[in-house]
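The hints should help you fit chain E onto chain Y, whose structure is shown.
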Amino acid sequence: MEFAELIKTPRVDNVVLHRPFMSRVEGTLCLTGHHLILSSRQDSNEELWLLHSNIDSIEKRFVGTLGTVIIKCKDLRIIQLDIPGMEECLNIASSIEALSTLDSVTLMYPFFYRPMFELIEDGWNTFLPEQSFKQIESLTDEWRLSYVNKDFNVCPSYPPILAVPKSIDDDTIRKVATFRHAGRFPVLSYYHKKNGMVMMRSGQPLTGSNGRRCKEDEQLINATLRAGKRGYIIDTRSINVAQQAKARGGGFELEAHYPQWRRIHKTIERSNILQESLIKLVEACNDQSHNMDRWLSKLEASNWLTNIKEILTTACLAAQCIDREGASVLVHGTEGTDSTLQVTSLAQIILDPTSRTIRGFESLVEREWLQFGTFLGNNSFERGKLKLPQKTVSLWSWVNRPQDTERFLNPLFEANSLVIWPSVSPQSLLLWEGVFLRWNRSSKCLDEAYEEMIHIIEHNKELQSKVSTLHRQLAELETEDVQLETP
Amino acid sequence: MDHINTPKVEQVKLLDRYTNKKPAAGTLYLTATHLIYVETLADVRKETWILHHHIATVEKLPLTTTGCPLLIHCKNFRVVHFIIPRERDCQDVYVSLLKLSQPAKPEELYAFVYNPKQNEADRGVSWSTIDLKVDYQRMGLPNDYWEITDLNKSYGICSTYPSELAVPKTASKTTIVGSSKFRSRGRFPVLSYFYKENNAAICRCSQPLSGFTARCVEDEQMLQAISDANPGSPFMYVVDTRPKLNAMANRAAGKGYENEDNYSNIHFQFVGIENIHVMRNSLQKLMEVCEMKSPSMSDFLTGLENSGWLRHIKAMMDAGVFLAKAVAEEKASVLVHCSDGWDRTAQVCSLASLLLDPYYRTIRGFMVLIEKEWISMGHKFSQRCGQLEGDPKEVSPVFTQFIECLWQLMEQFPCAFQFNDRFLLEVHDHVYSCQFGNFIGNCQKEREDLKLHERTYSVWPFLLEKTMQYLNPVYRGSSAFGVLQPNTLPFNFKFWCAMYNRFDKGMHPKQSILDHMLALISQKSDGEGKVIELQNKIGGGCGALTKEANNLSDAQNSLSLSTPNIPQDCAGEPEVSLTNGTAGMKEELSSDRSREQEESKIESHNSFSNGETPVPVISKSIAQAEGVSVVSSTAADE
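Residue numbers (my numbering), protein chains in the order written: chain Y, 1 to 487; chain E, 1 to 638.
In isolation and in its complexed conformation, chain Y is listed as follows (with noise of 0.2 Å):
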């Protein structure tokens, strides 16, 4: 196995560890391939595992033979490694470096790990397209499932199975792949069953500078329009980002060819900018030396908020349109691989019930972000030739595990069948404390508070139920006293 060679020294003695909200332990560290590890002799309990691939970047400092080295979590934790020796420590860093950053996906963690629970339930059978397609079977006939990518060879990124509006053939579909960035046609991404309006994504159509249209396109997208009704198509990117598209053989779709659908243009910034606004918002919330003015004016120029709220009104927008408008809406930025499922499945939160519950909310990551966008693989075609569902285990096998589920359930929930419109203004919109402050300050008096909370909330079915229960009682023993009395 290779991963010897990347260890160049397996194991440290003498290693200090400084971690958030814990006072410093000393231990020896040792370099797995997966997890870097540190135990103190004396005490079993202060130990830490940490995942390679949770390693965002490392630090090294030397003061004399003493070395340090910094790492940066992904889950945003900055832990402290004071490895006596230059050598050692040089080491050290350089092997974490190369295993947090393994070119090979096969290397990774998933191949390697093996379930120390029982599995109940296969994950990689509990969201199948054929399943979930049969609710919105139930409801309407004007859609049906396609075969026409089982192979990956019209669109490599989508999976082999989606759903298509039932009077387009595969061979149109074929055509208007061409016509879709990265042959991505316009596919069924939610059905609003309370007035049968459907939402769409897809890439950006190719129309190129010189506005070249596709019959097949404006026909499958206005299959599932209804007489006389006009639809939406929400573009991601800016007007002027969108034009820019042009030049490199991209674009939007003209009113001239799409008579039907009103195009409306908002800003969801690209993966990049995002990936800058959050490294700034990190830093920001790290830097704890800092007074007030400096705090908010960082936090403002990370312009994460600033995003948040983007994506949320455009996702709102959405809705509405399907909802309030009664029309059907079209999303797609350039890809249709990041901006466009943060809307569309945003816009399920809002729209659907079933979004909001655990199985609707894991349902709805399989649907919008993985099949079509990214994890472990960045598509089904790849997942396919990695063989995920043999060799790795589904996070749903492990999440769905009715122990794990109970931790999961919001104690407040009651279900509500109805859309939820937030409040998109910037006084409504906070920083969310619990992930990026989560290693900068206690969460005690909080996780206490939630504590009491669950604790009411459990009290209270308790005594409701013991209510019942003595009325039942009370029952029982007048039937007695009726039948004593009456022999």
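These are calculated hints, taken from the structure and not from any lab test.
Computed from a prediction, not measured in an experiment: that's the story for all the values here.
Careful, some of the hints might be misleading.
[Stated by the list, open to error] Selected chain E positions facing chain Y (Cβ under 7 Å, derived; list incomplete):
| id | residue |
| --- | --- |
| 1 | Met297 |
| 2 | Arg311 |
| 3 | Met410 |
| 4 | Pro414 |
| 5 | Pro490 |
| 6 | Cys497 |
| 7 | Met507 |
| 8 | Leu534 |
Ideal Cβ positions, reconstructed from N, Cα and C, are used throughout, including at glycine.
Showing chain E alone in chain Y's frame:
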């Protein structure tokens, strides 16, 4: 009423602050105490009640084609924008409101006509609800070091202090009188809080009249006496809450700050809280941010930063934390002052008390704290709240800031306070409402001259009667938390939407966890009652079942023991038997009587980039009932 020429105007439009939806049409009424707007076209009768005293500013804007706009800003951060068809009516209403919102004489304030239909005996009881003597006893006074003195009983030494004060036992009358002559407005050092765990004390006063060189033996003795009253510490802190520059500037006017060389064993410290004028301007800027139409996130955050508001809140919190640490950890006494010792000093001392003593985090204890540090020690509520016609430069949100600090603390310690944020808003409302006598006047002497105890009612029984609404469902009792040590890094301070955008309901969470939890708490007590009732029935009915009933009863006992939701401080409360709960009276203050049937607010948005016909877009404030099922917000309004 003399001031009302036009008591009723019809066809008045009320513009919605955040959306472009069609304005409501209705009738505007002026009564002696309220401005009332009744929407005529609404399906459900919708009323908006605004207490005249809650009006901060009234502006007549330039005439438009639809009529004459009248913009009203309230002290509780409501903003209403009317359009009155006829200019003359608008002028009449405008002039009336100017007069009604800030009367010339205190006797014209609402409290002097407000009558909750109580008899005189009840009125007396209402005023004795909160007794400061009891709090001194609770702190352990009098003791070996401190005593209560009535030297100021005729307000001869200091006109803005109360008649009874706690001072070091060793401070003679000469010392006190001498010290008072060396302190601005005679406000000599007195006890604010005594930390009985270690004998350290927080004392408060005004700035010394030191100029550049002056000194005063009695004042030095006074500080020595305070120091001596805490034998456990070799020194005491003197905290000047002003920025150093301001304090230095005061020296030129013969005032200033303590010279460390003249006082033995003092550690002198500035904490840099800005003055009332800076705070007034800061709030003004914050209001402008809150009122921006469709601000971007950047606009909002930049505006928030430029207002400086959170910077001031943090400065105050830092000062409170400094005091609490000095007392609890360093065991050192602290003497606090600013210029006159009635604004920043009140803020900082009361904040420190809240951090140190769980009692002040209970509903009743909080009332005591306000009575003690604010009302009795002469925070100039009348001027700071602009209750009467007067110098607008005396108005400043000093108390609002204190309330906000408290809210920030509650955000950090959600289980440490017996009350919830609604209680804070209600208290804040009443500070401005002048419905009760408590906050009228600037000091105890003024209040006595106005005979407030005979002519008005106290707010505390009124609030205590509604205790259930103000409870914090997750409060863990006064023994669960000792000294609070808040984190004062900037990211801990949040914008308080429920205060400054309180009436923009669309901005708030659509489902209230608080309402839900309060409902559970009341369900719980119902449930417990039912269990006992059923057990009695079962037990009484048949002997065979008694044993089982007993088991159940045990289980029930253990259940109720395990959840001390209603804390003892509150459960053991003496019954307040006031009857100001008549339906009309109860609602009098709740400024919004609207049976608001929340409706969807769709805004036609004009910011689509390519100039296409705008489609309705999600408004900033989709305040729509659709999302609400767990908790109905209408319940809270009623």
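Right, here's what the structure says about each hint:
Checking methionine 297 (chain E) against chain Y by beta carbon gives a least distance of about 4 Å; that is within 7 Å, so the hint holds. This hint holds: arginine 311 (chain E) has a C-beta 4 Å from the nearest C-beta of chain Y, less than the 7 Å allowed. Look at methionine 410 (chain E): its Cβ only gets to about 10 Å from chain Y, farther than 7 Å, so that hint breaks. The criterion of a C-beta within 7 Å of any C-beta in chain Y is met by proline 414 (chain E), whose closest approach is roughly 4 Å, and the hint holds.
Interface hint at proline 490 (chain E): satisfied, since its Cβ lies 4 Å from the closest Cβ of chain Y, which is below the 7 Å cut-off. Residue-level restraint check for cysteine 497 (chain E) holds (minimum Cβ-Cβ distance to chain Y is 5 Å; threshold 7 Å). Annotation: methionine 507 (chain E) was flagged as interfacial toward chain Y, and the flag holds, the nearest CB pair being 5 Å apart, inside 7 Å. The beta carbon of leucine 534 (chain E) is positioned within 7 Å of a beta carbon in chain Y (closest approach about 4 Å), and the interface hint is therefore held.
The structure fails to meet hint 3 from the earlier list, while all remaining hints are met.
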